[in-house]
Amino acid sequence: MSAVPTSEGKVILSALIKAIQDNKQYLSDIDGLIGDGDHGVNMNKGFTLCGEELGEKPVDLSEGLKTLYMILMTKIGGSMGPLYGMFFKAMSKACKGKETVDAVTFGEMLIQAKEKVMDISGAQLGDKTLLDCLIPAEEAYQSALDAGKSFAECLTAMSTAAEKGRDSTKNLIAKVGRSSRLGERSRGVLDAGATSCCLILQTFATTLQEQMK
Amino acid sequence: MSAVPTSEGKVILSALIKAIQDNKQYLSDIDGLIGDGDHGVNMNKGFTLCGEELGEKPVDLSEGLKTLYMILMTKIGGSMGPLYGMFFKAMSKACKGKETVDAVTFGEMLIQAKEKVMDISGAQLGDKTLLDCLIPAEEAYQSALDAGKSFAECLTAMSTAAEKGRDSTKNLIAKVGRSSRLGERSRGVLDAGATSCCLILQTFATTLQEQMK
Amino acid sequence: MQKIINKPNEVVDEMVEGFVKAHAGLISKTDNPRVLKYKAAPIEGKVGIVTGGGSGHKPAFIGYIGKNMVDAVAVGEIFSSPPAQMFYDAFKAADSGKGVACLYGNYAGDNMNVKMAIEMADDDDIAVKTVVANDDVPSAPGDQLNKRRGVAGEILMWKVGGAKAAMGANLDEVIAAAQKAINNTRSMGIGLSPCAIPEVGHPNFKIEEGKMEVGIGHHGEPGLDVCALETAAQIAQRIADIILPDLPFNSGDDVAVLISGLGATPPMELYILFNDVEKILTDKGINIHIAYVGNYFTSLEMAGVTLTLMKLDDELKACMDYECDCMGLTQFGRN
Amino acid sequence: MQKIINKPNEVVDEMVEGFVKAHAGLISKTDNPRVLKYKAAPIEGKVGIVTGGGSGHKPAFIGYIGKNMVDAVAVGEIFSSPPAQMFYDAFKAADSGKGVACLYGNYAGDNMNVKMAIEMADDDDIAVKTVVANDDVPSAPGDQLNKRRGVAGEILMWKVGGAKAAMGANLDEVIAAAQKAINNTRSMGIGLSPCAIPEVGHPNFKIEEGKMEVGIGHHGEPGLDVCALETAAQIAQRIADIILPDLPFNSGDDVAVLISGLGATPPMELYILFNDVEKILTDKGINIHIAYVGNYFTSLEMAGVTLTLMKLDDELKACMDYECDCMGLTQFGRN
Ligand SMILES: Nc1ncnc2c1ncn2[C@@H]1O[C@H](COP(=O)(O)OP(=O)(O)O)[C@@H](O)[C@H]1O
Ligand SMILES: Nc1ncnc2c1ncn2[C@@H]1O[C@H](COP(=O)(O)OP(=O)(O)O)[C@@H](O)[C@H]1O
Ligand SMILES: [Mg+2]
Ligand SMILES: [Mg+2]
Ligand SMILES: [Mg+2]
Ligand SMILES: [Mg+2]
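In order, the protein sequence lines correspond to chains A, B, C and D.
For the first sequence, our numbering gives the first residue as 1, with consecutive numbering after it.
For the second sequence, our numbering gives the first residue as 1, with consecutive numbering after it.
For the third sequence, our numbering gives the first residue as 1, with consecutive numbering after it.
For the fourth sequence, our numbering gives the first residue as 1, with consecutive numbering after it.
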């Protein structure tokens, strides 16, 4: 099977919510090293509210992602609300009306997400933000797809690149956000947003791959 | 000789001014232990201004004391301005128009000073203030006078009592002023106001005694 | 000591200089460099309102000079009463012939200097009467009201006295209204961190992290107790339990509420505290007629707060609702 | 952390609650608990003025809601931009059909959230135009004005926009005036001690005793330099040397001056600094048309100050002199 039915949206959303909840402390700790230590708290607030809103019943993937982005955009301020709000809004739109998510659809979801986030963020690759994870991950996915790889293989390529992108932030100097205060001293530590972005992309990959089995 | 001509006021005022100036640091240091450490500064400001006002020319005692109290009352705020202002105002009035200061006149100056200060201060004997020096000193002077002692002897009695009164403040708990904040912890240290009061009374005593020689 | 100053012994002079320049439309100098007056004072036919005290309490005291408020202020050194001469010069700057209401706080130095100033004024035929604010409940027991200090309640006293004078009342009426105001006012403060007098250079008392000083005075005078720092709700309750029974304030009363920060406590915290105070008052059936929340009477950069309540009758309400214009408190008339 | 609060994660909600209760005659809640509005808003025939931003800057932002000032405000968490929905709800609360001028500060989060809110409003036929304050000179060089942060100059932008709207101008005219205001405004801050976000519990940056941070931002963003603490006169000169040539301000110019404390710095020090600033301006032949000195835009309990200058033409003067009534800035009309 090389596609996942969108009717199984609940599985993916539950996995995303759990991933953030499980890593709440970790994400805040990373943010605490060079930021204000609340990234896990901010993310957890939005994702947990979404979980409460979705409840127990099944949900279409596009609808589920819509619930998530609506909450991010209405309840979560700062930068995470609009950045991840745009991320999931783009994803939701790109799979709207589809029966299944296949390699092309997910590629469309990724590229839309990347573009919308870049559009609203204003940050550049190398500024030590979640873009340093998202951009290379999306590019790796497209290269694999263009090279004729399977959906599962494309996801693996994305995962690997996301991790590499996340790790690349360790040696960067923060150019935006609170950590930019530290200049040279922001080097040597992962970026919190890139870490949560990697977590989200990897959760997509493993959950989709599992459902394809 | 058992009286001092009031025309020699300058000698007494210069002595008072010098005594305060010489003890500026000492008075502030005492105040620093349980107060805000500015008693010497406050006193020095008033007495030095008076010295500048008086200049080099001779002055009648009552007139000289008037200059001093006017400066204290117009330029020195807080409690010292009115307390020592009243002190010297009463003294000035009590010797006004006299040719000389004799034992009776000085007794009158002392009693008026004590009463005016008590009147405006509101503090009680034992509250750890300059009254703990002034009241016993005045009483010792009057007792000596009533006992028929000479002017010089009365002044010595006053001096001795002033010193005893000043030292008595060491074991008192401050009831008024800043030091009262410390309660029990204000014990064990001299009161700054009692110390300056003792200094002033002893300066009167020695200067008058010297002029009588 | 992290302060933006020049010479520590000239802070008051420079502050006065800056203040006069910043509020040139409202404030005038007088011949005495330490006496400032409302530009329009003395106002023909109006009783003059005078106050004064040590500096370091901004907006108090000079910030309350203005229209329908205080006419002239004697400006002392930091935390130190102005000399008698300054009060006397303030009387002269405020008197239009209708007399002067000197409305000040109960501190030994101020009492002495005002007393002497009144003697000086007596020779000039300026009629001066006084009201001495004593709203600070923790500073003495209820049977020694005359020993209590004046704190932020002074502002309400000036507001009432200033409005009454502006309405055309004579000296006795102004004094009676201001006295009624302070008689119906109760305050209490909590200190969270100390302050440093610039000339001294370091705080001359301490409040440890995690502690608060209950009943602290506006110059760091000792309070009732030093205890563990509490929540806003607990602090509100603690103060209410002390000041409400003291007057007492009862169900059905209309009150003015004034929450003043002591300097370094952000307005956010003052509003959080107000929220808790409002709940307690509402629970007790006490109605808030007017509320002031902000830094109205400070103690340099001390952290902490004073809560003040004034019970209102119709006369006091009319005075509180009256228009006024000064740096510390500008309000349009309410009705 | 010596704070008067209850739950650290509820400080904003409780502050908003307290604020609404304290200013019931001026402020109304809306359906969105984090959007407050002027009681009379939306005002028939008047362009609505909206702003918003993170909390912890009291009186900014909600303290500028009122008559002839801001109509509605989106209230974020401490130092954190409000979600798009709140800006959107604020637009709705302010719009009378004449459109909304959203006048806010240049921060990544606010830019993103306002951008999204405008998209939301587009569907509703609410015309929203923006002016983004970028008055903070040290935050970026003069050839990158669009990277500069907005700081206390925002208040002057609101004052101008609010007055212009009250005078009956249409949306484009209000936007043009507010844009002109900020284009003619330059600010710079100095930090003397840090602040702690209640939920974090400790300051997340440090300023050592005896040092000052030159060009610090309103959330502790790094400045140009950390150097030895200077005198008020030196600080005034240092700031003037940076902001005067930046616009530039020239001899003969009329200006508004705003000196805002960052929270814990007492007004006394602000007036001392103003005294030095006034001397520099007077020396240069720059005329102070109006001055504001106080805690107008703070950063919790940070110690320090922002100096803001706005060059005035007749239109801006008329706006600055216009009557307004809000918790942060009440003034009678001047002329
Ligand atoms: N303009 C921006 N574009 C992209 N990412 C950003 C931007 N601003 C901040 N970030 C990301 O936000 C992360 C911090 O998020 P979070 O801690 O939730 O917010 P805050 O900094 O407001 O406390 C950073 O690690 C960075 O990846
Ligand atoms: N009400 C009072 N009556 C008598 N003496 C007083 C009174 N208040 C203060 N003092 C005296 O003032 C002294 C302190 O003076 P000083 O340091 O000059 O003033 P301050 O306390 O304002 O700094 C105390 O030592 C005490 O003797
Ligand atoms: Mg944060
Ligand atoms: Mg963070
Ligand atoms: Mg002193
Ligand atoms: Mg002293």
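Treat the hints as calculated values from the structure; they're not laboratory data.
All figures in this text were calculated on a predicted structure; none of them were measured in a lab.
Using N, Cα and C, we set each Cβ at its ideal position, and we do this for glycine too.
Treat the hints with care, since some could be wrong.
[As the list claims (entries may be wrong)] Calculated cross-link-like contacts (lysine-lysine; reagent style DSS-like; alpha-carbon spacing at most 27 Å):
1) K7(D) with K67(D)
2) K114(B) with K147(C)
3) K7(D) with K24(A)
4) K7(C) with K21(C)
5) K24(B) with K29(C)
6) K39(C) with K29(D)
7) K114(A) with K279(D)
8) K180(C) with K75(B)
9) K114(A) with K29(D)
10) K29(C) with K129(C)
[Said to hold, decoys possible] Derived Cβ-Cβ restraints for the label pairs, each shown as a range:
11) E163(A) with K206(D): 49 to 59 Å
12) T48(A) with D313(C): 34 to 44 Å
13) E163(A) with D143(D): 49 to 59 Å
14) D143(D) with S7(A): 48 to 58 Å
15) T206(B) with P8(C): 28 to 38 Å
16) G97(C) with Q234(D): 46 to 56 Å
17) D123(D) with E163(A): 37 to 47 Å
*Check each numbered hint against the structure and report the violated ones by number, ascending.*
1, 5, 6, 7, 8, 9, 11, 12 and 13
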